[in-house]
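A.B. asks: Please take these sequences and the hints and turn them into a complete structure.
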Amino acid sequence: MSMSFAGETAIVGIGATEFSKCSGRSTLRLAVECSDAAIQDAGLLPEQIDGMVLFTVEDNHEIDVARSLGIKELKHFSRIHHSGGAACGTIHQAAMAVHSGACDYCLVFRAFNERSEMRYGAGVQDRAPAPTPMEVDFGWSSPFGLLTPAAWVAMFATRYMHEYGATSEDFGRVAVACRRHAANNPAAFFYQKPITLEEHQQSRWIVKPLHLFDCCQESDGGQAMVVTTLERARDLPQPTAVIAAAAQGSGEDQQMMKSYYRDNISGIPEMGLCARQLWEDSGLRPDDIQTAVLYDHFTPLVLPQLEEFGFCPRGEAKNFILDGNIELGGRLPINTHGGQLGEAYIHGVNGIAEGVRQVRGSSVNQVKDMQNVLVTAATAVPTSALILSRDAH
Amino acid sequence: MVDADKTSLVARLRASIGVAGRPFVARDAVNQPMIRHWCDAMADHNPVYTDPDFATKSAHGGIVAPPAMLNAWTMSGLGRPQSDSDDAAGSVYAALDEAGYTSVVATNSEHEYLRYLRPGDELTAVQVVSEVSDEKTTALGTGLFVTTRTEYRTQADELVGHMLFRILKFKPGTGRAAQPDSEEAQPAQRMRRPRPGISRDTRFFWDGLEAGELRIQRCEGCSALHHPPMVRCPACGSYDLGYQVSTGRGVVYSFVEPCHPRIPAFDYPYVVGLIELEEGTRLITNVVDIDPDKVEVGMPVELTMQKPDPELTLPMFRPRCPRRRETTLRFEEVAVGAELAPCPIPISRTLIVAAAIASRDYQDVHHDPALAVERGSPDIFMNILTTSGLCARYVSDWAGPDALLRKLSIRLGAPNYPGDTMTMWGSVLSATNQGGRGQVELALRGYNHIGDHVTGTVELELPSGGGEK
Ligand SMILES: [Zn+2]
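Chains P and V, in that order, are what the protein sequence lines are.
The first sequence: position 48 = 48 (the working numbering), numbered continuously.
The second sequence: position 392 = 392 (the working numbering), numbered continuously.
Quick caveat, the hints were computed from the structure, so don't treat them as lab data.
Owing to the predicted nature of the structure, the values given are computational and were not obtained by experimental measurement.
The C-beta atom is built at its ideal place from N, Cα and C for all residues, glycine as well.
Any given hint could turn out to be false.
Covered stretches of chain V (chain P as the covering partner; in silico rule of three or more C-beta atoms under 8 Å from a C-beta of chain P) [what the hints assert, rightly or not]:
1. 248-255
2. 260-269
3. 277-287
C.D. replies: Shown next as structure tokens:
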């Protein structure tokens with residue numbers, strides 16, 4: 001049974017700060033700036049915003065952002081767990097909220113100084129032991145020096161390489177494509193800075209088998225958007241980006257970043273669960289998708305995403321990539337904004353904004369005859385995904 | 001000593017080059033008890049050395065001595081000088097002792113085996129000094145390298161083997177090892193590894209490590225195993241969860257090598273492995289005692305409990321030593337470039353002492369810690385005959401009981417001290433068939449946590465062609 005909001009809601013405004021390594025401003029300032037821009041882009045006034053959905057890991061409080069923006073009353077506010085896995089989940093929640101009538105115009109944002117203030121890449125270090133669920137979980141890995149997101153993902157990568165014969169160069173082609181796309185994007189941190197496969201191979205090891213250029217950036221910045229019903233969207237100035245479907249997924253024996261205990265760890269079952277829901281709710285098939293924004297915190301997990309959504313058979317993503325399919329002009333250009341490898345790491349919310357631009361026809365790397373774009377959230381955690389479509393109306 | 005004195009010392013020593021020493025007759029004929037002691041110490045279980053029935057049916061037709069024992073037979077024994085000071089080599093060593101180069105380490109040994117020795121063979125060794133180096137500054141101290149060549153003949157005057165042997169005679173207390181190391185001196189200040197968070201539900205696992213056990217949660221209702229632990233068995237619904245002790249055997253399911261950022265609590269390089277235990281569960285751990293570049297998915301591993309600091313016991317895994325081949329590898333099965341499975345050998349104090357004595361080497365540095373320290377070493381260390389014996393065992397365990405070792409050339413580097421682990425590794429350098437005999441040359445490497453203890457080559461003969469023995 002399809003979800004009742006499928007195709008009934010839309011993203012009507014997007015806004016972002018600049019993306020940098022040091023914003024020089026508070027995260028609250030970033031949150032308010034990007035939200036302000038998104039509300040203006042939607043042609044709305046702050047007082048029309050009456051809902052807010054954020055990441056659990058978002059440091060800013062809804063009420064602080066509301067005060068500065070001049071949002072008066074909030075009728076719905078909720079948060080989504082699991083770091084970058086929440087990205088499309090916030091839109092999923094906002095869509096349900098506006099469709100149900102819990103609120104009319106729902107704001108979603110993610111803002112942080114992830115590079116200049118709180119670096120995730122530093123990983124988990126020297127934690128004091130305590131019997132909290134998080135500490136117990138880290139207890140299985142941290143004493144052995146498996147401490148960083150890159151290391152957690154690298155464990156999947158080694159196994160994937162072993163099972164399917166993928167190589168570091170196959171991962172590198174993802175980075176090269178993203179950086180090439182970023183090179184055309186003035187908003188990208190790596191604007192006009194493409195890399196070659198050789199440079200990828202020469203870049204220093206972070207966690208073998210991952211090179212530096214397999215890892216997304218660490219960024220400062222904020223990205224916001226506004227969700228409302230399709231009916232209201234049609235009265236607003238921007239071309240409508242219809243939320244054809246949105247879904248969350250957590251798989252069997254799911255763990256945070258370390259679902260290493262399943263029979264097979266070379267796929268992403270939680271993303272497969274999202275894929276099944278999206279295809280069913282939207283009535284679309286892989287052939288109907290012209291471009292995709294696939295979460296790229298680390299290149300290796302882009303490959304099984306292509307497989308989970310059925311763009312290629314399992315284990316064959318390396319050939320799909322080698323044949324140029326993920327590049328501009330290819331079968332499925334991915335991360336046309338440059339991804340988190342090339343544009344910025346804003347926990348995937350900037351990828352949703354690129355999806356909106358592709359629907360509007362305003363991407364710097366606009367894909368021709370764009371009808372439907374797939375956007376995914378973080379891999380290796382409970383995750384989410386969505387499809388945005390042009391309004392046929 | 002001024003330079004002129006050094007020059008005259010070297011010149012005096014070099015006068016002995018090429019002069020044949022006095023023949024040294026082995027005190028005992030090749031015999032089964034000494035062979036057995038050697039095999040026990042080296043854990044060499046090739047039955048051609050000790051099992052008469054097996055040996056009779058082997059290529060040897062009867063019991064033979066491990067070839068690496070070659071120079072053990074002519075060691076002088078306890079309380080007897082290895083060489084007379086009026087002998088050529090003996091006079092060189094005595095002159096060096098007198099000049100203050102009183103410490104000694106063996107650095108190279110090259111054995112050539114013309115035939116395997118049999119019980120009853122009475123060996124006579126004749127040693128010739130072939131080289132005396134200039135004074136060198138080494139990590140161990142300031143000293144000179146002395147190289148000798150020795151011929152081994154039986155009572156029938158049959159030439160059965162050669163040895164080239166190189167030692168460093170050095171002045172104790174002049175090397176880097178003797179200097180106080182500022183990093184080593186402050187281990188207490190070292191950042192410790194992250195501690196695990198332990199809950200009521202997971203305490204059994206960590207308690208198990210203290211008891212020397214790797215425990216896997218087991219449902220008392222349906223016997224299903226779970227890791228990481230749960231509070232209710234999802235298979236049968238039971239809350240009655242106990243544990244079973246793992247065999248500690250498994251394979252590498254996946255692995256990574258963290259490089260950046262560097263965390264002070266860890267020694268780099270290190271490998272984090274995801275191990276699939278025989279029981280079927282997986283766990284995250286460190287793969288140790290192996291060069292990170294040699295770790296592979298599917299590699300068999302075994303448990304080794306480690307204490308990174310006094311308050312933390314962690315289950316780690318090291319390569320499982322390959323099984324000794326019971327049938328001999330045929331030449332046709334050997335591929336150039338192929339690698340031998342790594343084999344970690346724990347360097348216990350017992351191994352060092354037992355093997356030194358089995359090789360009749362009573363140098364105090366191989367059994368007396370206090371005297372070893374006095375001579376500038378941090379502890380006792382393995383003698384070169386043991387290293388030869390372990391290399392020969394590693395190769396013959398890989399090749400099988402009828403493989404014939406022809407040459408064993410080794411060079412020593414980082415010493416094997418008690419408590420370390422030496423991991424043996426090898427690869428096939430060449431394989432040629434000469435008149436129906438398969439000649440194979442291997443590169444060998446044995447590394448410990450300081451560095452390469454031994455590097456070298458081995459030449460051996462393998463049966464070749466149409467299936468006959
Ligand atoms: Zn059960």
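A.B. asks: I'd like to know which numbered hints this structure contradicts. Please list them from smallest to largest.
C.D. replies: none
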